[in-house]
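K.L.:
Going down the list, the sequences are from chains P and G.
Residue 1 is where the first sequence starts when you use the working numbering, and the numbers rise one by one after that.
Residue 1 is where the second sequence starts when you use the working numbering, and the numbers rise one by one after that.
Simulated from the structure, these hints should not be mistaken for lab results.
Backbone N, C-alpha and C define an ideal beta-carbon position, used for all residues, glycine too.
Any given hint could turn out to be false.
Under 8 Å between C-beta atoms, here's a sample of chain G residues computed to sit facing chain P [stated by the list, open to error]:
#, residue
1, Q72
2, A133
3, D134
If we take Cβ atoms under 10 Å as the criterion, some of the chain P residues that face chain G in the derived model are [claimed, not checked]:
#, residue
4, G189
5, G191
6, E193
7, M260
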Amino acid sequence: MSRTEISSREIVLDHGSGATLSHELISLIVETLGDVYVGEMEDSATLPVTGGRIAMTTDSFVVDPPFFGNGDIGKIAVCGTVNDLAVVGARPTYLTLGMILETGFPVEKLVRVLTSIRDTAREAGVLIVCGDTKVVRKGEADQIYLNTTGVGTFSRNPLRMRDVRPGDRVVLSGPIGNHTVHLLSIREGLGFETRVLSDCAPLNGMLEQVFVNVPEGAVRSVRDVTRGGLSAVLHEYASSGGRTIRIEEAALPVQPETAMAMDMLGTNAIHAANEGCACLFVAPEAEADVLAALRSHRYGAGAVTIGEVTGEAGGSVVMRGADGRWSTVEEMQGAELPRLC
Amino acid sequence: MSKIAVLTNDLQYELVHKNPARSAAVESAASNFIAFLDGIRRRGHHVFHLQLIIPPDDPNEERDEHGRLPVQEGTEGAEIVREFVDDPDVVVVKNKDSGFYETDLHEQLQALGVDTVVITGMQTQICVQTTAADAFFRGYKVWVPADCVVSARPEDKERALEWLAGYCATVSDSAEILRLIDELGELPRKTVKIP
Numbered sequence: 001m002s003r004t005e006i007s008s009r010e011i012v013l014d015h016g017s018g019a020t021l022s023h024e025l026i027s028l029i030v031e032t033l034g035d036v037y038v039g040e041m042e043d044s045a046t047l048p049v050t051g052g053r054i055a056m057t058t059d060s061f062v063v064d065p066p067f068f069g070n071g072d073i074g075k076i077a078v079c080g081t082v083n084d085l086a087v088v089g090a091r092p093t094y095l096t097l098g099m100i101l102e103t104g105f106p107v108e109k110l111v112r113v114l115t116s117i118r119d120t121a122r123e124a125g126v127l128i129v130c131g132d133t134k135v136v137r138k139g140e141a142d143q144i145y146l147n148t149t150g151v152g153t154f155s156r157n158p159l160r161m162r163d164v165r166p167g168d169r170v171v172l173s174g175p176i177g178n179h180t181v182h183l184l185s186i187r188e189g190l191g192f193e194t195r196v197l198s199d200c201a202p203l204n205g206m207l208e209q210v211f212v213n214v215p216e217g218a219v220r221s222v223r224d225v226t227r228g229g230l231s232a233v234l235h236e237y238a239s240s241g242g243r244t245i246r247i248e249e250a251a252l253p254v255q256p257e258t259a260m261a262m263d264m265l266g267t268n269a270i271h272a273a274n275e276g277c278a279c280l281f282v283a284p285e286a287e288a289d290v291l292a293a294l295r296s297h298r299y300g301a302g303a304v305t306i307g308e309v310t311g312e313a314g315g316s317v318v319m320r321g322a323d324g325r326w327s328t329v330e331e332m333q334g335a336e337l338p339r340l341c
Numbered sequence: 001m002s003k004i005a006v007l008t009n010d011l012q013y014e015l016v017h018k019n020p021a022r023s024a025a026v027e028s029a030a031s032n033f034i035a036f037l038d039g040i041r042r043r044g045h046h047v048f049h050l051q052l053i054i055p056p057d058d059p060n061e062e063r064d065e066h067g068r069l070p071v072q073e074g075t076e077g078a079e080i081v082r083e084f085v086d087d088p089d090v091v092v093v094k095n096k097d098s099g100f101y102e103t104d105l106h107e108q109l110q111a112l113g114v115d116t117v118v119i120t121g122m123q124t125q126i127c128v129q130t131t132a133a134d135a136f137f138r139g140y141k142v143w144v145p146a147d148c149v150v151s152a153r154p155e156d157k158e159r160a161l162e163w164l165a166g167y168c169a170t171v172s173d174s175a176e177i178l179r180l181i182d183e184l185g186e187l188p189r190k191t192v193k194i195p
């Protein structure tokens with residue numbers, strides 16, 4: 001038996017027992033992750049860091065289904081945490097990897113997930129430094145859940161929401177709504193799944209390209225547009241600063257098929273979850289350079305300015321529609337679809 | 001000559017009679033609908049019935065008050081309502097809303113040289129819409145006869161027809177579709193919003 005084969009084709013409870021089968025599974029995991037795994041099997045990883053400050057974030061991933069177009073739960077687990085680090089201006093460096101596996105989950109699928117984690121970690125330039133695997137009985141989890149915690153280091157000042165000012169431009173790095181439409185379409189067979197793919201991507205390379213091409217401070221703050229969608233991001237910024245944010249509906253980057261699906265579902269892409277889209281708040285004089293830097297990266301090719309932060313008090317989000325009228329964008333009240341990430 | 005296939009959605013006993021509103025809606029459409037299917041067959045075109053079968057292990061499907069999944073394989077309730085079926089018809093089993101999703105419907109239509117689909121059945125705002133969108137993305141000319149699609153609530157049907165007409169289908173009625181087939185030998189392609 002080679003190191004990449006284990007004696008069972010499915011996960012069994014004893015894979016989480018800490019005994020022989022556990023060791024077999026851990027060997028499979030380590031070998032599949034390859035050079036991105038640098039753990040030394042101690043109880044804690046001890047790691048060098050540069051600078052006097054680190055960024056840390058954690059996220060859990062329960063996406064249903066775990067495999068989809070342009071991604072899977074492994075890719076999302078790396079991208080979600082890498083992107084959370086990158087949007088505060090940190091360089092993502094280390095990840096942990098926690099897995100909860102349901103008994104009966106095929107080992108072949110686990111290898112697919114691990115391979116995806118490895119490839120995405122390589123692309124993002126992060127190392128996996130430690131991990132944990134638990135196995136639960138059938139029905140106690142749905143196939144596979146992941147958790148990643150990330151550490152990033154700084155070579156510049158952290159970006160903060162409080163630095164956003166009136167007059168700042170609101171820039172999106174790419175289309176919105178695709179991840180939601182794709183996931184919903186493969187869950188329900190809506191017919192859009194081959195035309196609209198998830199946007200899942202690690203955005204740290206794209207954002208680094210922006211940061212090195214504009215003066216420090218010109219990018220005031222960045223958020224990745226995930227659960228709650230663009231609407232949630234804009235409301236967070238508007239209410240935090242007490243400023244009104246104005247956006248143009250015609251400027252929103254929405255793929256035509258996505259708009260079609262959203263219209264069918266009776267919702268709007270601004271409320272939809274994404275996994276590879278960043279919202280940047282940018283000094284007006286840096287807008288053109290930020291757009292150019294984004295567009296020169298493959299994940300930012302569709303970058304556009306969608307609006308601006310105004311000096312108006314009120315903390316609301318308003319949008320000018322196709323008919324030229326301004327209307328308030330309401331924040332969703334918990335109606336989001338479950339398990340999109 | 002253009003080859004046309006009428007696709008019916010979910011005309012199954014258990015789904016048609018799920019509630020009185022559905023039963024009434026299907027009953028009121030049945031006469032025109034059955035005559036339309038006969039007209040299609042007489043003209044040498046095809047009728048495909050999309051039969052929804054819920055896999056017993058599907059975690060996303062809604063169970064009834066007894067915890068039972070509807071339209072299970074091999075049950076009478078999953079059968080297509082007899083009045084809509086004739087010998088040359090083809091039944092394609094599907095597990096999700098769109099009739100194309102993980103089925104061989106597209107391959108079967110291609111093998112017959114079909115370039116136009118007429119989407120019918122129940123419900124307009126779910127399976128008719130999604131099957132129409134899927135067909136449109138696959139390059140078919142898509143038509144929907146308003147008198148052969150059904151929703152439990154009229155407002156759902158109205159909104160769905162508006163969406164279909166706006167994006168991907170020509171919405172007409174069964175008599176007009178048969179008249180155009182006789183006159184032109186085909187159903188014209190619609191100019192749609194998607195670039």
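K.L.:
If a hint holds in the structure, say so; if it doesn't, say that too.
P.N.:
Cross-check of the supplied hints:
no. : hint : result
1   : Q72  : violated, 18 Å
2   : A133 : holds, 4 Å
3   : D134 : holds, 3 Å
4   : G189 : holds, 2 Å
5   : G191 : holds, 3 Å
6   : E193 : holds, 8 Å
7   : M260 : holds, 5 Å
The structure shown violates just one earlier hint, number 1.
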